[in-house]
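2 protein chains.
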Amino acid sequence: MSADNQQERLDADWIVGFVDGEGSFHVAINKIPKMTLGFQVLPEFRVVQHERDEKILQKLKGYFGFGEITVNRKDRHGIRKEFRVRGLENLNRLLKFFQDNPLKTSKYRNFKIFAEIIEAMNNKEHLTKEGLRKIAELASMMNRQQDRVSKILRDYTPDARKSEDIVRPL
Amino acid sequence: MSADNQQERLDADWIVGFVDGEGSFHVAINKIPKMTLGFQVLPEFRVVQHERDEKILQKLKGYFGFGEITVNRKDRHGIRKEFRVRGLENLNRLLKFFQDNPLKTSKYRNFKIFAEIIEAMNNKEHLTKEGLRKIAELASMMNRQQDRVSKILRDYTPDARKSEDIVRPL
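Chains as they are written, first to last, in the working numbering: chain A, -3 to 166; chain B, -3 to 166.
Please keep in mind that the hints were generated in silico from the structure rather than gathered at the bench.
Among these hints, one or two may not hold up.
If several chains are the same, the list does not tell them apart, and a pair holds so long as it fits within one copy or across any two.
Below are the DSBU-like pairs computed for lysine-lysine, each with C-alpha atoms no more than 30 angstroms apart in a straight line [said to hold, decoys possible]: (1) K108 / K57; (2) K130 / K108; (3) K51 / K125; (4) K70 / K27; (5) K92 / K125; (6) K27 / K108; (7) K30 / K120; (8) K120 / K70; (9) K30 / K125; (10) K130 / K92; (11) K92 / K108; (12) K108 / K120; (13) K92 / K70; (14) K30 / K57; (15) K51 / K30.
Could you build all of it, start to finish, from the sequences and the hints given here?
The following block contains the structure:
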């Protein structure tokens, strides 16, 4: 059965379940001096698996028709790979999928904030100071990062030199 | 959408995806002196979530109509809960579900071995020395535990005093 399944196209409900378990939506805000405001907003969707399950990542990529598979990290447990989606065009298509097929865990809340950030970027708000602050605030509301990002936000100024990586949800 | 979903019954494909991500099948073999052979075979299915997602565990329990929800562990990240299925009768029903709805990741292989152990227990093989050894060998083939359990198996005798917990996949 498993062997047959290797050829099968994934099912949308299966993908939602798998992403409810293994997916993550996050938004990094990186200091890039050459950019207008000095910061780059980098939204990203990721599903990480041990390399033994790289096939399922390939199937995810095949289902969506975009994204890439790269090494996530290597450690004593072996190599972990990730299916990663970046770039507004692809992320907008990804949002459409998860709007049509909503997540069922608390990850849904994260997704909603992520979608709001993408929407702001569609409107080019990340190119203004006010927009950048709004995005950083939204990012601070995403799960697990609240304490850390709140602290970063407290000291946040778009011109600050110190924070190379002011919002980096894991 | 999320709020509506709270009331919705889970979908089988979603469950498979979620279990491909978050589920685990494992078999502990514990030393229990009062038992005939001195060992108890304890197969278990588990899905662990942060307590913020206890609702989804309740829905899993509701879908299957068996199993229980207990605390998995408490640490600095908060409380983790688990949906846990034990006992041959319920595990046989669980196997039926995953036979009808096969896992798509390498967890499928683990499931197959788990199913073989349950089958052996249905036939009461765990009550014989030969059966117990066979089950321990099957358990040693389950993911991630190969090194550890192989080492245990090498020294394994059903009468040994030392190993309180000879096979304890995580």
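Checked hints:
no., hint, result
1, K108 / K57, "both (22 angstroms within a copy, 27 angstroms between copies)"
2, K130 / K108, "within (15 angstroms within a copy, 49 angstroms between copies)"
3, K51 / K125, "neither (42 angstroms within a copy, 39 angstroms between copies)"
4, K70 / K27, "within (26 angstroms within a copy, 36 angstroms between copies)"
5, K92 / K125, "within (28 angstroms within a copy, 57 angstroms between copies)"
6, K27 / K108, "within (25 angstroms within a copy, 49 angstroms between copies)"
7, K30 / K120, "within (18 angstroms within a copy, 70 angstroms between copies)"
8, K120 / K70, "neither (36 angstroms within a copy, 43 angstroms between copies)"
9, K30 / K125, "within (15 angstroms within a copy, 71 angstroms between copies)"
10, K130 / K92, "within (23 angstroms within a copy, 50 angstroms between copies)"
11, K92 / K108, "within (12 angstroms within a copy, 36 angstroms between copies)"
12, K108 / K120, "within (18 angstroms within a copy, 51 angstroms between copies)"
13, K92 / K70, "neither (32 angstroms within a copy, 36 angstroms between copies)"
14, K30 / K57, "neither (32 angstroms within a copy, 53 angstroms between copies)"
15, K51 / K30, "neither (38 angstroms within a copy, 46 angstroms between copies)"
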